[in-house]
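Build the full structure now, drawing on both the sequences and the hints.
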Amino acid sequence: HWKPADYTAIITEIPVIDRDKLQALLATAHGTLFNEIAKSPDVLTSSVIKILERALDMDVGKYTKKSSSGPLILYAIRLAVRIEGFLKFALKICKPGEPRPRGLESL
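Residue numbers for the sequence shown follow the working numbering, so the first one is 3 and each next one is one higher.
To be clear, the hints were calculated from the coordinates, so they are not data collected in a lab. Careful: at least some of the hints might be erroneous.
As the list claims (entries may be wrong) - Here are the simulated lysine-lysine pairs, DSS-like style, with alpha carbons at most 25 Å apart:
#	residue 1	residue 2
1	LYS41	LYS52
2	LYS23	LYS67
3	LYS64	LYS52
4	LYS68	LYS52
5	LYS52	LYS67
6	LYS52	LYS97
7	LYS97	LYS41
8	LYS23	LYS52
9	LYS52	LYS90
Below you can see the structure in the form of structure tokens.
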């Protein structure tokens, strides 16, 4: 979830029962995935690599729509490519010596 940079809501009750309010409070200025990239990129990348490895271990050697391995492999590849795009974007906007966007300061 995305949160505007000027969002200032605070937690007034615990637990937060309203699901929409909880999602707004947990949102980050650059989205949850960018938060994970900034705070723990090693966990994110190693998890995606494990998903790819396990999906390829299920490969039967021939694609068929009826087997579960084909769609799983395609999903894992699509996931990895999308996360790679987010990683490349984060690296592109976080150049050494330049100010970094809010939420990506630790890259």
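Taking the hints in turn, this is what the structure says about them:
1. LYS41 to LYS52: 19 Å, holds
2. LYS23 to LYS67: 40 Å, violated
3. LYS64 to LYS52: 22 Å, holds
4. LYS68 to LYS52: 24 Å, holds
5. LYS52 to LYS67: 23 Å, holds
6. LYS52 to LYS97: 29 Å, violated
7. LYS97 to LYS41: At roughly 17 Å apart (the allowed maximum being 25 Å), LYS41 and LYS97 satisfy the hint.
8. LYS23 to LYS52: 33 Å, violated
9. LYS52 to LYS90: Since the Cα atoms of LYS52 and LYS90 sit roughly 20 Å apart, the hinted pair holds (cutoff 25 Å).
Taken one by one, the earlier hints fail for this structure at numbers 2, 6 and 8, listed in ascending order.
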